[in-house]
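Undergrad: Okay, here's what each chain looks like letter by letter:
There are 2 protein chains.
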Amino acid sequence: MQRIEGGVCAAKGFTANGVHCGIRKNKTKKDLSLIFSAVPASCAAVYTTNLVKGAPLAVNKAHLANGTAQAVICNSGNANTCNANGIEIAEQMSALAADALHIKADDVVVASTGVIGQPLDIEPIASGIPALVQGLKADGSSDAAEGIMTTDTIKKEVAVEFTLGGKTCRIGGIAKGSGMIHPNMATMLVFITTDAAIAPDMLQKALSGDIVNTFNMVSIDGDTSTNDMVVVLANGMAGNAPVREEGEDFSTFMCALNTVTVQLCRLLAGDGEGATKLLECKVTGAADLQTAKTVAKSVICSSLLKAAMFGADANWGRVLCAIGYSGAQVDVDKIDVAFRSAAGTIPVCENGAGVDFSEETAKTILLEKEIEILVELHSGSAAATAWGCDLTYDYVRINGDYRT
Amino acid sequence: MQRIEGGVCAAKGFTANGVHCGIRKNKTKKDLSLIFSAVPASCAAVYTTNLVKGAPLAVNKAHLANGTAQAVICNSGNANTCNANGIEIAEQMSALAADALHIKADDVVVASTGVIGQPLDIEPIASGIPALVQGLKADGSSDAAEGIMTTDTIKKEVAVEFTLGGKTCRIGGIAKGSGMIHPNMATMLVFITTDAAIAPDMLQKALSGDIVNTFNMVSIDGDTSTNDMVVVLANGMAGNAPVREEGEDFSTFMCALNTVTVQLCRLLAGDGEGATKLLECKVTGAADLQTAKTVAKSVICSSLLKAAMFGADANWGRVLCAIGYSGAQVDVDKIDVAFRSAAGTIPVCENGAGVDFSEETAKTILLEKEIEILVELHSGSAAATAWGCDLTYDYVRINGDYRT
Chain A
52 MQRIEGGVCA
62 AKGFTANGVH
72 CGIRKNKTKK
82 DLSLIFSAVP
92 ASCAAVYTTN
102 LVKGAPLAVN
112 KAHLANGTAQ
122 AVICNSGNAN
132 TCNANGIEIA
142 EQMSALAADA
152 LHIKADDVVV
162 ASTGVIGQPL
172 DIEPIASGIP
182 ALVQGLKADG
192 SSDAAEGIMT
202 TDTIKKEVAV
212 EFTLGGKTCR
222 IGGIAKGSGM
232 IHPNMATMLV
242 FITTDAAIAP
252 DMLQKALSGD
262 IVNTFNMVSI
272 DGDTSTNDMV
282 VVLANGMAGN
292 APVREEGEDF
302 STFMCALNTV
312 TVQLCRLLAG
322 DGEGATKLLE
332 CKVTGAADLQ
342 TAKTVAKSVI
352 CSSLLKAAMF
362 GADANWGRVL
372 CAIGYSGAQV
382 DVDKIDVAFR
392 SAAGTIPVCE
402 NGAGVDFSEE
412 TAKTILLEKE
422 IEILVELHSG
432 SAAATAWGCD
442 LTYDYVRING
452 DYRT
Chain B
52 MQRIEGGVCA
62 AKGFTANGVH
72 CGIRKNKTKK
82 DLSLIFSAVP
92 ASCAAVYTTN
102 LVKGAPLAVN
112 KAHLANGTAQ
122 AVICNSGNAN
132 TCNANGIEIA
142 EQMSALAADA
152 LHIKADDVVV
162 ASTGVIGQPL
172 DIEPIASGIP
182 ALVQGLKADG
192 SSDAAEGIMT
202 TDTIKKEVAV
212 EFTLGGKTCR
222 IGGIAKGSGM
232 IHPNMATMLV
242 FITTDAAIAP
252 DMLQKALSGD
262 IVNTFNMVSI
272 DGDTSTNDMV
282 VVLANGMAGN
292 APVREEGEDF
302 STFMCALNTV
312 TVQLCRLLAG
322 DGEGATKLLE
332 CKVTGAADLQ
342 TAKTVAKSVI
352 CSSLLKAAMF
362 GADANWGRVL
372 CAIGYSGAQV
382 DVDKIDVAFR
392 SAAGTIPVCE
402 NGAGVDFSEE
412 TAKTILLEKE
422 IEILVELHSG
432 SAAATAWGCD
442 LTYDYVRING
452 DYRT
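In order, the protein sequences belong to chains A and B. So the number in our numbering is just where the residue sits in the first sequence, counting from 1, plus 51. So the number in our numbering is just where the residue sits in the second sequence, counting from 1, plus 51.
What the hints contain is simulated information worked out from the structure, not anything from laboratory work. Keep in mind the model is a prediction, meaning the values are calculated, not measured. One should not assume that every hint holds.
Copies of one chain are not kept apart here, so a pair can be met inside one copy or by any two copies together.
Cut-off 30 Å, straight-line C-alpha distance, at most; resulting in silico cross-link-like pairs (DSS-like, lysine-lysine) [as the list claims (entries may be wrong)]: (1) Lys420 <-> Lys112; (2) Lys385 <-> Lys78; (3) Lys76 <-> Lys256; (4) Lys414 <-> Lys80; (5) Lys414 <-> Lys333; (6) Lys78 <-> Lys112; (7) Lys414 <-> Lys76.
Whole structure, please, built from the sequences with the hints as guidance.
TA: Here it is, written out as structure tokens:
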């Protein structure tokens, strides 16, 4: 398996585009994106567990009942959530896209991201769709990735090439994240495409099995979005024998999918709102997987630890504290903690108590852009990783006045 | 019932003091406090549910097995948590205090607050105790309240006078809060004294019944401390017929206790680390109490809403979002939300969708120091309140480099 360029257009038969249609006032910001498959594709999706759900989610659930889709349309600048006419607008969006693409409306996946509770006007979307469709191109992944950004500072694209049943397959994705990120089933808007042939039920199985260890292990601010959604389209154009059951091919596909999703998780977490650092909490030696995951997520969610990491302060007591209130049953007197980065590794806690360490060395390690928080529980062999970011002045600035 | 001055010394027979003994480097900061009852008192306590617990908690559980105590000693600047010799140090602290006060060591409640995981030296405490005991005074509540502060910016003292069985009784308390505040059984260090006569088991019942609606409904940063503790001492010197069972007197006592604890909650939340505003989320119309509490606490814990309140931004979509992911079963299409402060009230959401409102008026309301977030669920008659604060640049500053 190897990393390649191309994002959602890496796989055969996929084109994409992104334009400015006028939802955002800033004309230099793209606000409408489209991903299109030359042929109908198997489609699987997972959505937020928030009871308050964006209108597009209800529309997609209906559209994807048959496990097939051919296009994804997504706007930024408005979440189309908590709006009296939200469903109607989401249906109009997909109908307009379907007409322009000459496909069926229920083969369109629709998504929105931005402010909650402000009516979404269909007008700019309707007038933007012709140019959006006309501009579909094989190197359009970056434009599409740009069109779904809100407070994101970098485009998030990943793709890999792998072999399935003797055929070269590709899988790639784009994502937007930044704030209101504490996925519980899925994270805010991830679109993945592949030319592998895989039946819709197996695609759903692969996606549902993957996200519990990837997107559901990311937290930027503890706020589970109303619009979280991960969608995978598999158009089969690689020509492999379709994956219809568990086995070697399914495992290979899961592995390729996981390579893409883990990297997207790292991109999402590292570009959290206001973030200056990517944090990865790696828990090992847990009695079981759930314990490992609970501990890792609790550490990554601690506001106090996140602020300490911003300040490059090796305040490991906050790691212990977050483990202690996580709800997981652990023997706190066995816990070891270390911080690791490109600058080195420093053990700071052994058997639940502090060890002497050089504050200077710790500072050097924590000043890096990617920090690993290593937690060894010495109680078994289960392991888990969670991804997050530091808590900074900019998070407060961005969210102190997001709407204006 | 009326508010009076005096804090933990308001009730008959209680004296207190606070000194600088040398745990903190800054000599102008008091770091050791003592509360003393002239006679042995009924004593009830609740502690953090964090599995990582400060050493003083284990010592107190042993000391309070008999329901009696006569003094509370507490240092700031070091939490005595995750230290190999923590229990030993906590036992030395109480033994030294007991010797100086000529009481039994197991009648001393011991507490520590500050950094986790740095060994606590007994030396400054041992050398500070003589002056601490010598200076005990009837107007010493403020000094004691000061000695337990960490990043707190104001002393937190409350007292009320009430009548029980024809006798005038008083109850008062001091608290420290600020950061790592998301109580789950109790909050970081609250000491309450009363001269009411009440049996230890009834005192514990009153305290345990109260905190689920008061301290457990406060969150400053979602981090449940390792050292949370609420202790109540009742020395009976008011001369009322001892409260030994449920009934009118017990209800009256509960009511007085609640008046003190609610006010302490407001003081704790309003003085959260870096906070500029007190937030109170008042949920009404819930199907049951647990739903009301879950919703209120979820709203008050949302980093996004907290940042919006700092920016005086009426971003009610974040209130809906936090209700939606709270885990409570609510009908989101029935929810009304309004913001209220001394400057007025503004409805912003009705039936789960936005209503037209003046952004200017909303700004004026949200620029006040105390903001109420009113959530009406229209599904029953249960209600709950949760207390929190805004998320600010100063929270990041304080916690980005707390140890140095």
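Undergrad: None of the hints should be skipped; say for each whether it holds.
TA: How the hints compare with the structure:
1. Lys420 <-> Lys112: neither (39 Å within a copy, 44 Å between copies)
2. Lys385 <-> Lys78: Answer is neither: 56 Å inside a copy and 37 Å across each miss the 30 Å cutoff.
3. Lys76 <-> Lys256: neither (40 Å within a copy, 59 Å between copies)
4. Lys414 <-> Lys80: For Lys414 and Lys80, the Cα distance is within 30 Å only across copies (28 Å; inside one copy 38 Å).
5. Lys414 <-> Lys333: Cα proximity of Lys414 and Lys333: one copy only (20 Å, versus 43 Å across).
6. Lys78 <-> Lys112: Cα proximity of Lys78 and Lys112: none, with 32 Å in one copy and 64 Å across.
7. Lys414 <-> Lys76: between (42 Å within a copy, 22 Å between copies)
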